[in-house]
Each structure stands twice: as structure tokens, then as C-alpha cells.
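Novice: Line order of the protein sequences matches chains S and V.
With the first sequence counted from 1, adding 23 to any position gets you this note's numbering.
With the second sequence counted from 1, adding 23 to any position gets you this note's numbering.
Note that these hints are calculated values from the structure, not bench results.
Computed from a predicted model, the values in this text were never measured in an experiment.
Backbone N, C-alpha and C define an ideal beta-carbon position, used for all residues, glycine too.
Mixed in with the good hints there might be a few duds.
Claimed, not checked - Label pairs and their calculated CB-CB ranges:
#1 D147(V) x R30(S): 37 to 45 Å
#2 T125(V) x A54(S): 50 to 58 Å
#3 H138(V) x H134(S): 51 to 59 Å
#4 G150(S) x A137(V): 55 to 63 Å
#5 H46(V) x G65(S): 15 to 23 Å
What follows is each chain in one-letter form.
Number of protein chains: 2
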Amino acid sequence: MTKHPKRTQADMIREVLSDRIVHGILRPGEALDETSLAAEFGVSRTPIREALRQLESIGLALSRPHRGTIVTNVGERELHDIFRVMGELEALCARLSAEAMTPGECEALSHLHAHGAELVLRGDVGGYLAHNEQFHDALYAGSHNGFLEETTRSVRRRLAPFRRMQFEALHRIAHSQREHGAVVAAILDGDADRAARAMLEHLSIVERAVDRISPSHRAAGEDGADPLLRADVG
Amino acid sequence: MTKHPKRTQADMIREVLSDRIVHGILRPGEALDETSLAAEFGVSRTPIREALRQLESIGLALSRPHRGTIVTNVGERELHDIFRVMGELEALCARLSAEAMTPGECEALSHLHAHGAELVLRGDVGGYLAHNEQFHDALYAGSHNGFLEETTRSVRRRLAPFRRMQFEALHRIAHSQREHGAVVAAILDGDADRAARAMLEHLSIVERAVDRISPSHRAAGEDGADPLLRADVG
DNA sequence: GATGATTTGTACGTATGTATA
DNA sequence: ATATACATACGTACAAATCAT
Numbered sequence: 024m025t026k027h028p029k030r031t032q033a034d035m036i037r038e039v040l041s042d043r044i045v046h047g048i049l050r051p052g053e054a055l056d057e058t059s060l061a062a063e064f065g066v067s068r069t070p071i072r073e074a075l076r077q078l079e080s081i082g083l084a085l086s087r088p089h090r091g092t093i094v095t096n097v098g099e100r101e102l103h104d105i106f107r108v109m110g111e112l113e114a115l116c117a118r119l120s121a122e123a124m125t126p127g128e129c130e131a132l133s134h135l136h137a138h139g140a141e142l143v144l145r146g147d148v149g150g151y152l153a154h155n156e157q158f159h160d161a162l163y164a165g166s167h168n169g170f171l172e173e174t175t176r177s178v179r180r181r182l183a184p185f186r187r188m189q190f191e192a193l194h195r196i197a198h199s200q201r202e203h204g205a206v207v208a209a210i211l212d213g214d215a216d217r218a219a220r221a222m223l224e225h226l227s228i229v230e231r232a233v234d235r236i237s238p239s240h241r242a243a244g245e246d247g248a249d250p251l252l253r254a255d256v257g
Numbered sequence: 024m025t026k027h028p029k030r031t032q033a034d035m036i037r038e039v040l041s042d043r044i045v046h047g048i049l050r051p052g053e054a055l056d057e058t059s060l061a062a063e064f065g066v067s068r069t070p071i072r073e074a075l076r077q078l079e080s081i082g083l084a085l086s087r088p089h090r091g092t093i094v095t096n097v098g099e100r101e102l103h104d105i106f107r108v109m110g111e112l113e114a115l116c117a118r119l120s121a122e123a124m125t126p127g128e129c130e131a132l133s134h135l136h137a138h139g140a141e142l143v144l145r146g147d148v149g150g151y152l153a154h155n156e157q158f159h160d161a162l163y164a165g166s167h168n169g170f171l172e173e174t175t176r177s178v179r180r181r182l183a184p185f186r187r188m189q190f191e192a193l194h195r196i197a198h199s200q201r202e203h204g205a206v207v208a209a210i211l212d213g214d215a216d217r218a219a220r221a222m223l224e225h226l227s228i229v230e231r232a233v234d235r236i237s238p239s240h241r242a243a244g245e246d247g248a249d250p251l252l253r254a255d256v257g
């Protein structure tokens with residue numbers, strides 16, 4: 024039997040809505056109407072409300088009293104602010120990874136990085152996007168700091184709706200892989216400062232390279248690029 | 024007319040419960056029973072549930088499906104993890120403050136710091152505790168990064184239930200003031216690296232100096248030190 | 001600026017899942 | 001292990017606030 028990790032309806036609904044937001048199916052600024060959602064999911068408004076509160080807690084939604092809930096919409100200024108903080112958090116992950124990774128984790132990281140190289144050679148952009156997530160997740164875990172891991176992942180997810188793959192992605196992933204290489208090398212050397220610097224550098228390049236999705240209050244009907252392809256190479 | 028900033032009952036109840044947790048009236052591990060709270064506040068369980076979800080979103084409470092909600096209780100290990108992240112966030116605040124503070128803010132910071140010196144001379148421990156909060160808040164704001172400000176304040180609040188004023192507080196505040204001085208000097212010099220290092224140093228000293236409140240599943244009846252005096256000098 | 005439509009906030013009752021005897 | 005008790009999760013109904021006209 025399929026035993027779901029999340030058991031309450033609110034949890035499952037939150038998961039669905041979270042994915043929709045992260046993948047751009049629900050766009051920033053878009054309204055999250057309790058009644059409509061209740062109808063769509065075939066439940067009462069109660070679990071919907073719970074889910075919306077949870078989304079708010081992740082930073083993916085914003086609700087004001089008696090005014091409803093909308094998908095979080097941030098301007099250029101705050102977007103830059105968030106990038107700055109995420110850079111620092113990821114840099115700290117890299118630093119701690121350099122200090123604390125076990126030999127086993129180091130080897131796993133090497134293999135992971137090598138796999139990324141293959142994907143670049145094959146020009147498998149989609150595969151590299153998935154690999155990229157794995158790579159960063161490996162560093163979060165490698166920090167051996169559960170709170171840092173959780174916090175960094177949360178900020179990354181919060182940033183997702185506002186980043187998307189740039190056009191010349193094939194070109195970009197080669198750069199990304201090279202930057203990852205600098206981080207990996209520093210970690211394997213146990214050079215914490217260099218690892219942190221390399222990661223900060225990587226992230227700041229990512230910020231410049233990423234296409235910002237302009238804040239939009241338009242309805243979901245708008246299509247634009249295929250939402251399933253929206254992602255970034257960071 | 025007293026126009027409250029938060030309007031819904033859930034918001035007000037969250038505020039009350041949040042204060043109780045931060046001030047140690049509700050201890051880590053303690054159960055937050057919906058029915059009892061509903062009776063105490065004279066409302067139905069619905070707004071209570073909303074408030075508990077909001078507390079969970081701040082990280083002050085933890086609820087598991089069908090098992091109820093308790094005040095967040097973290098072990099030594101995770102406490103250290105959170106301290107590490109907070110140190111880095113505050114250091115970033117100091118760094119950005121050194122880069123971005125306006126002349127007006129610099130002057131205000133100087134005055135604030137001078138005020139702290141007076142409090143130390145007078146031996147006003149309680150006053151210094153309040154001053155300390157103001158000092159750190161000033162640096163959060165001085166970073167001119169709204170997301171960083173919000174994030175750092177959130178982590179600090181989350182840490183509050185597990186820190187308390189040490190016995191030799193009078194001795195400690197003198198040290199704290201001196202450490203603040205190093206940060207202020209670096210900021211006024213516009214030396215971002217030095218400001219960040221000084222703040223990181225300050226925070227790591229704070230972590231060592233602070234009395235950890237041992238995780239407790241005991242009921243609230245336990246008194247211990249006066250909850251209203253629980254605070255830390257950081 | 002007042003009124004009506006719509007949406008959120010709250011109360012209360014029922015069902016379901018967890019823990020204890 | 002089964003059953004009982006109890007707290008939470010969900011559904012429904014109503015009240016209150018916002019916005020649109």
C-alpha cells in the first residue's frame with residue numbers, strides 16, 4: 024500500500040499548492056481563494072485554511088486579515104535581499120562541509136560531481152537541473168547542521184518562483200559545473216575559507232545569470248514558457 | 024482609540040502565547056492543549072488552532088498530526104546549530120551595516136552605544152537587557168536588507184526560550200558593552216570584514232556565557248527563576 | 001458615502017486517529 | 001490484543017469585515 028509521508032489532508036494540499044507555486048503554475052500575486060480551492064480539492068474550507076497557513080509559514084504565501092491569501096510576490100529589491108542571505112547561508116554550508124564532511128560523504132560528493140560532468144558532456148540540461156539540486160542538497164547535509172540545512176533549503180524554495188532557466192542554458196551549465204568544481208576541490212582540501220568564498224562567488228554569478236520573473240498580478244490563464252521547464256542552474 | 028495592530032483573535036492569541044513562550048512562562052516540551060486554551064481565552068477551538076499554526080510557523084511550537092502541539096524543545100546539539108547560524112546572520116548584519124549605514128544611522132548607533140555605557144556604569148542590568156535588544160535591532164535595520172532583518176529577528180526570537188541571564192550578569196554586561204564597542208568602531212570605520220568578525224566573536228562569547236535552560240517536559244507549575252527576568256545579554 | 005455581494009473569521013458538532021487500560 | 005477514552009481533524013453554519021457598485 025502507498026503509505027503517504029504526510030497524512031492529513033491539509034498537509035497533502037499544502038504539498039500540492041507548494042509545488043504549483045514553485046513550478047510557476049500559480050504565479051506570484053495570484054489569489055488563493057479558500058472557497059474555490061475547497062471546491063477543487065473536494066474538501067471543506069477548514070483544511071484549505073490550514074494549508075494556506077502552512078504556505079505562509081514557508082514564505083510562499085501571504086495573507087492579510089479579511090483580505091485573503093495570495094502567492095508571495097516580491098519586488099526586485101527584496102529579491103536581491105533574499106539572494107544575499109541565501110548566498111551567505113550556502114557559503115556557510117560549504118564552509119562547514121569542508122570542516123565536517125566524513126570521508127564517505129567526500130567520496131559521495133566526488134561521485135556526484137563527476138556525474139554532473141557527464142551530464143554536461145551529454146548536454147542533458149534537464150538532467151543537470153536535477154543534479155544541481157542534488158549537489159546543493161549534499162552540501163546542506165554535509166554541513167552536519169540540521170538547522171542550517173533546513174533554513175537554507177527553505178530560502179532556496181522560497182526563491183524558486185522567481186528564478187528560471189536562462190535561454191542559453193547549455194552554455195550556463197558548463198559554467199555552473201566549473202564553479203561547483205572549485206567548491207568541491209576546496210572541500211576535499213579541507214579549506215573552509217576557500218570553500219565558502221567559492222560558493223559565494225558561484226551564487227553571485229547565479230544571481231546575475233538568472234532570468235528574473237517579473238512580478239505579476241495577472242491571472243493563471245497566461246501561459247508563457249512551459250511551467251514544467253522553469254528552473255534555474257545554481 | 025486603541026487600534027490594535029493585529030486584528031483577528033487568532034493573531035492576538037498568538038501574540039500572547041508567543042510572549043509566554045519567549046518569557047519562559049510556557050516551557051519547552053509543554054503541551055499546548057487546544058481545548059484548555061479555548062476555555063482560558065473564552066473562544067472556540069478554531070482561533071486557537073490558527074494561533075498554534077502560526078506559532079509553529081515561527082518555530083516556537085511543534086505539532087504532529089493527531090498528537091497535539093507542544094512548545095518547541097530542542098536538544099543541546101540543535102541549540103548549538105541554531106547559535107551557529109544566528110552568529111553568521113548577525114555577522115552579515117554587521118558587515119552590511121558597515122557598508123550601508125547612512126551618516127544619520129551611524130550617529131544614532133553611536134548615541135545608542137553611549138547610552139549602553141551609561142547603563143553599565145550605573146549597573147542597571149535590566150536596562151541593559153533592553154538596550155541590548157535595541158542595539159541588535161539597530162544593526163538588523165542598518166543592514167538595509169529587509170529579508171535579513173526579518174530572518175535574523177526570527178532566529179533570535181526562536182532562541183529566546185533557551186537562553187537566560189547568567190548569574191554574574193553585572194559582570195557580563197561590561198564585557199558585552201566592550202564587545203559592542205568593537206563592532207561599532209568597525210562599522211563607523213566602514214570596515215565590513217572587521218565588523219563581521221567582531222560580531223561573530225561577540226556572539227560566540229555569548230553562546231559560551233549563556234546559561235542553557237535544560238530541556239524540560241515538566242508542567243508549568245514549576246517556578247524556578249522569575250520568568251520575567253529571564254533574558255540574555257548578547 | 002451607503003448598500004449589497006463576496007470572502008474571510010469564528011462557533012460548534014461529528015468523525016477519525018492516537019494513546020492508555 | 002481489544003476496547004475505551006480523549007484530543008485532534010474535518011464539515012457545516014453563521015457572523016463580521018472588506019470591496020464593489
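Novice: Find the hints from earlier in the document that the structure breaks and name them by number, from lowest to highest.
Specialist: Violated: hints 1, 2, 5.
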